[in-house]
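Peer 1: Dock chain one against chain two, each of which comes alone in its own frame, and use the hints as you go.
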Amino acid sequence: MAEVLKVPTMAEYMVEGKQPEVLFWVGCAGSFDDRAKKITKAFVKILSKANVEFAVLGTEESCTGDPAKRSGNEFLFQMQAVTNIEVLNAYEVKKIVTACPHCFNTIKNEYPGLGGNYEVVHHTQFLKDLLEEGRLRVEGGKFKGKRITFHDPCYLGRANNEYEAPRDLLRKLEVELIEMRKCKSQGLCCGAGGGQMFKEPEKGNKDVNVLRTEQALETNPELIAAGCPFCNTMMTDGVKSKEKEAEIEVKDVAEMIAEAEDL
Amino acid sequence: MQIISQIAFLAAFIVAISFFIRNVRRLYRNIKLGKAIDRTDRPKERLSNMIRVALGQSKMVKRPVAGILHILVYVGFIIINIEMLEIVIDGIFGTHRVFSFLGGTYNFLIGAFEILALLVIVSIITFWIRRNVVKIKRFWSSEMKGWPKNDANYILYFEVALMTCFLLMNAADYQLQLNGAEHYASQEGIIGGFPVSQFLLPLIDGLGNSALIVIERTTWWLHIIGILIFLNYLYYSKHLHILLAFPNTYYAKLTPKGELTNLEAVTNEVKLMMDPNADPFASPEAGAADEEPEKFGASDVTDLNWVQLLNAYTCTECGRCTSECPANQTGKKLSPRKIMMDTRDRLEEVGEQLNKKQPIAEGKQLLDDYITREELWACTTCSACVEACPIGIDPLSIIIEMRRYLVMEESAAPNELNVSMSNIENNGAPWPYNQMDRLNWAKEN
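Protein chains in written order, with the UniProt record's numbering: chain E, 1 to 263; chain A, 1 to 445.
One or more of the hints may lead you astray.
As the list claims (entries may be wrong) - Simulated crosslink set (DSSO-like; lysine-lysine; CA at most 27 Å straight-line):
#1 Lys443(A) to Lys35(A)
#2 Lys443(A) to Lys38(E)
#3 Lys203(E) to Lys137(A)
#4 Lys182(E) to Lys62(A)
#5 Lys184(E) to Lys59(A)
#6 Lys95(E) to Lys443(A)
#7 Lys206(E) to Lys333(A)
#8 Lys443(A) to Lys37(E)
#9 Lys271(A) to Lys94(E)
#10 Lys135(A) to Lys203(E)
#11 Lys184(E) to Lys62(A)
#12 Lys135(A) to Lys206(E)
#13 Lys333(A) to Lys203(E)
#14 Lys443(A) to Lys18(E)
#15 Lys253(A) to Lys184(E)
#16 Lys137(A) to Lys206(E)
#17 Lys443(A) to Lys6(E)
#18 Lys182(E) to Lys443(A)
#19 Lys238(A) to Lys333(A)
#20 Lys240(E) to Lys206(E)
#21 Lys137(A) to Lys184(E)
#22 Lys137(A) to Lys182(E)
#23 Lys49(E) to Lys62(A)
#24 Lys206(E) to Lys145(A)
As the list claims (entries may be wrong) - Some chain E residues judged to face chain A by a derived CB distance under 7 Å, without partners named:
#25 Glu61
#26 Gly72
#27 Asn109
#28 Asn160
#29 Val208
In short, the hints are calculated from the structure, not lab data.
Where is the CB? At the ideal position from N, CA and C, for every residue including glycine.
Here chain A stands alone, though its shape is the one from the complex (with noise of 0.2 Å):
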């Protein structure tokens, strides 16, 4: 029966992370699709961002309630997981416990990681609150519909059972080592720290021996076999900002940020233009004919850079960024939450056509099937999205991408937005002045 079991967990293992792989694949295969950008410069200051940010949440505490709760979850998880080291030792060989040989710090780790899981259970219960009873307008935007509105919930539920398992596993363990079942009970008394499940012992309060040990192992199984499948659900969910806010804040912008980029196709053409010498009929240069006229701006997915498509796998949807943005506050269609959440969308639909060897098919794209023009032109450039995002996603550089598109490939701004640029354009100003006049309001009283 043993060793039945040890061969189940040991299949149960590989196939996760074997498929967890397969996954982590196709979500770099489909990052890869964004185009290069270079990101290596400043590698201190990019590896001290991403200790502050990611690991040391210094900005989710910008909303402190919401921000000291999120702490509590992610501390307790990341502790809690090194339980998982044990549970999979355990799994693997047999053992009860393998790692009691330390004793008393044994004992006040894993009351340690009690005390831990029941503030996740209540910071979780209260983030189901605020998300479901007190409806936190951020969380009920129109983008947040169906699925994601869905997903938050799979998420909490999925910590709650979580968190509830291991607690329960260890009441049962407990009153096993209390009963001093073969197996469980060892000669130095009782192994581990239970502050905080022996106040679930009335509820196994009279049962026998093997119906505990049910208990234990059922819970045992759902822990580990859920931590498994809450591993591969990650791609497919929000919730991947727990691996990815990592690299996300690494290759964050580190320029100011109102610096937009310099488009390095236009200033080669430019340069053309500005140059006397410059011969407008000469030959392109061997080679330089086959290669395809640089499309400019984004309209799909495949023209953002890598890291606008690493920033849309790494939203987790919070609405810092909507509930901050202008447009979006005074009813504007324009959420940069909706941004992410759409070139995701967008992506995945491409990785998908890419899972099944498709070419990637015409027809649609980013703009218009997901993006509407609309929401394009609704936003101030004010950077309060990327101000507000609590893990480095820049909302408004896939704006300004798409901007460029359609204006330098469609001509398709506002018209009053191509007045003021043909007014730019010959007189040098976003209205119809003379140039000649510039200085006029120095002789002006």
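Chain E on its own, in the form it takes in the complex (with noise of 0.2 Å):
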């Protein structure tokens, strides 16, 4: 396993007067963030498995401008976005697909109204593609008959109606798919969206990430699925403020296939 991901980049591709199949934005998070680069890695080496010819924009990429939209810093925003759509566009990017609902979200909804008109898809969609057009083969493996629950993230359910690709994917893993009270377009935050991530919460009586561990933890699950870095995030820091993490591990669905797959 320590072998070095072959990452290309869209310089490259376009040096060699290449396309590539589909531009892999990573985000901020699986950029920076080491538990966020995890995911990033995993889903390269699913997307190498099935001989996708990807290429990320490395060093080309800057954040979407998502948290300083939501912080109502318009103009922020919009510098983020017309800088990021000027790339974009000079390499005629067709399809996107990122391990992030939140720049999912901004790339498919907002970035059209600025000249930036891509097919966007979230990873969890992207894979379910491929399983469909039988490129990538996914056996339950490790996870068979884990009881496993699924915290939707805003940006990819309610802000965007997708709530089955990820549970498509965990039902090809054979989990024991155990749904939470609150899921689905009633699915609970976990507290990091509208900029949240980056400061300290308002003054209240608990913390949301604590609160929807709260209702991952009533389904008593082996593990809890997420599908967003944020998330993964806040979800982690909530199953340690109750002193689980030895028994319940939070995993994003992509390192959930990469694992099962022994990638």
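Peer 2: Pasting the structure below:
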């Protein structure tokens, strides 16, 4: 497993005069956050295994502007958006996949009005397509029969009505999927959205991630599955606050697939 | 005597309708204080949303108990109000049960109205118990103290009173018909069906015809005057939703919940900044100089768009949004319902100044005087409130608009957010990492 990942950039593709099948938008968390980097690598391993011709922007990628926009800084958001769109359009990008629902939502919904029109998919949707096209095969492996609950990311679920793609993947892994009392369109936020990830919460009687973790623990899971690097961090912290980190892991669906396939 | 009664009825009717029209015009004027926003696209989808969500109550039943009870009251009121038509005609022309020529159908209809009226009463009593005895949490939040709590109960009392009058009126009418009283009895036998009110007959047992007529007339008058008062109560009450739910669902946002608007004024400035050919010292175009520089975001109701103001008038304060809000559930001050209530209260205050032909007074605004910064910064933008609203209200859009004002006009974001925004500005990520290190993960093991 010590082999170096092969991660081509758009610039390299351009030098060869080729276009990749899809651009993998890594996002800030996926690039810099130690926990999220593991998700990024797991996803890259799956892409390689499925022989997907992908590329990243690498150092040419910059924050989509999502946290700025949701904090009210429309100027900063649009500056980021316009800069990113210039880069994406220069490379004539058609299709984008990302493992971050915030990047997904912003590029998919808020970039078109500023001149950025791409087909944008969340990594769970992309993986589901790979499975359906027969390019990737997944068997239960180490997760078969495990009690697992899935935490819906707000910006994949409510914001964009995608509840099934991650669940389809979990079913492929033959897990025992147990839904929380609050799930899908009624799922509770992990507490990170709208800029909350980067600030202290307002005064209250509990942290949102702890409340959500309590809801997850009600299902008595062996593992909490997530589909967003921020949810992942929040739920991991929540599990730690309940001193359950020895028994309950928090993993991204992509990580689970990579592990099941021994990648 | 008959003619006096007819004139009195007509006068009451005209006064009530005129007052109602005056209030509707004020409502329309106040909503139009909002900024323009185009919500005329995709008319078919809008119509179908209105039919499903407002007419069909599809989102109400997400909470089955409240949802089903609400449907009973809603259906009851709409259908029983068909009977209003007859009541109005009888009132104006001094007729008795003018639609009775429908024969068996008529008897069936009156019978069905009675059963519905009973179901409405049962539902209303259950609602009252849920609010005042069971004390369901969302009805007892801090923003529900005083008027909002009383308003909710007044509506329930009104409805029970109206339904009771309707049933008592029918009971007296039925007894009068049985007695063969003049004006009431018909050669064709008993007209109308009285499956519920027949059980009220013991209450009026032994009364003479004149006493029965007093009861029948009094309940008839109370019923009709009650409805006319209720109609005019709407404007001052959360109950306005019975009318506004329809336009509100029609004009609701159709784009994905996660999609926020891109501010056009910002787009223009950003384009100018990015355009290498733009001359920063160019004199403004002719005419442009007189324009007031646009304010970014919202600090008062007039900075919001008219759909957001319509939302505020439509809110019936059920609190489903607040009970789903992650911030509220964890004890933060934010309550999406309060955002809507504050917006309406402030808009009413502005409207009151307009009623008095005063200019909108400076010194008071939606931000700080109604909605605090602490509330605004507690939002996670998760859209749970938008999803929960049974009639398509979008509290999140108001929160974002007010955050825009705080950040772009006042630079008043919480400090940690300012730090992460400077990071985005300087190195393209909310954390202080160098953009040149963005691909380092690929080489790490």
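Peer 1: Out of the numbered hints, which ones does the structure contradict?
Peer 2: 1, 18 and 23
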